[in-house]
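Numbering of the sequence shown is given in the numbering used here, commencing with residue 2 and proceeding in unit increments.
Accuracy of the hints is not assured; some may be wrong.
DSS-like mimics (lysine-lysine), calculated; alpha carbons at most 25 angstroms apart, straight line [stated by the list, open to error]: (1) LYS176 with LYS5; (2) LYS10 with LYS82; (3) LYS82 with LYS5; (4) LYS176 with LYS29; (5) LYS28 with LYS82; (6) LYS29 with LYS10; (7) LYS11 with LYS134; (8) LYS97 with LYS11.
Derived by calculation from the structure, the hints in this document are not laboratory data.
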Amino acid sequence: MRDKMRMLKKLLLDVVETGEIVLASGKKSDFYIDARKVTLDSRASGIISEIFIQKMNELNVSVVSGLVIGADPIVGAVVGKAGDFNSGIRGLLVRKEPKRHGRRRQIEGPDIERGREVLVVDDVATSGGSLIKAAEILRDAGFSVSYAMVVVDRQEGARQALSERGIELFSVFTKQDLMQ
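Can you make the complete structure from the sequences, with help from the hints?
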């Protein structure tokens with residue numbers, strides 16, 4: 002796994018951009034990780050899904066979810082990889098707003114018993130806003146959310162914001178890890 006982690010770190014470092022950029026949180030930063038370039042890369046998605054599945058097994062969680070669009074590649078990769086092991090992991094995707102047509106759903110995916118624990122995921126966490134929004138929507142729908150996981154924690158408040166809402170954050174890397 003050490004070699005896989007090195008490769009994943011290299012792929013992430015290749016998509017780090019410097020120069021002023023406005024983040025989803027509204028904050029300005031001189032450090033941006035275009036993580037979808039990595040989560041949508043087959044070399045990285047396999048590694049990411051292995052790491053997330055391992056954490057889900059440790060936590061005894063069998064549902065993975067997150068807010069579209071950052072979570073989509075991760076949820077898909079985890080569900081796909083889990084299928085190789087017939088593990089029973091299922092995924093849900095959470096829309097920011099309910100769909101305006103059809104069934105008008107805000108949560109998409111298979112029917113899953115309410116009350117189940119869900120791991121909320123995203124590619125990068127800064128303030129934790131996307132993770133919190135997904136968790137709130139899932140909790141309002143009757144699911145339990147005690148854990149969140151990201152590929153990179155920018156270490157800019159997400160961990161504390163999630164903790165204040167009873168959610169523990171795990172990350173594959175932190176900004177500090179990438180800067181070493």
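Evaluation of the provided hints:
no.: 1; hint: LYS176 with LYS5; in the structure: 18 angstroms, holds
no.: 2; hint: LYS10 with LYS82; in the structure: 20 angstroms, holds
no.: 3; hint: LYS82 with LYS5; in the structure: 16 angstroms, holds
no.: 4; hint: LYS176 with LYS29; in the structure: 16 angstroms, holds
no.: 5; hint: LYS28 with LYS82; in the structure: 35 angstroms, violated
no.: 6; hint: LYS29 with LYS10; in the structure: 24 angstroms, holds
no.: 7; hint: LYS11 with LYS134; in the structure: 30 angstroms, violated
no.: 8; hint: LYS97 with LYS11; in the structure: 31 angstroms, violated
In terms of the numbered hints stated before, the structure departs from hints 5, 7, 8, listed from lowest to highest.
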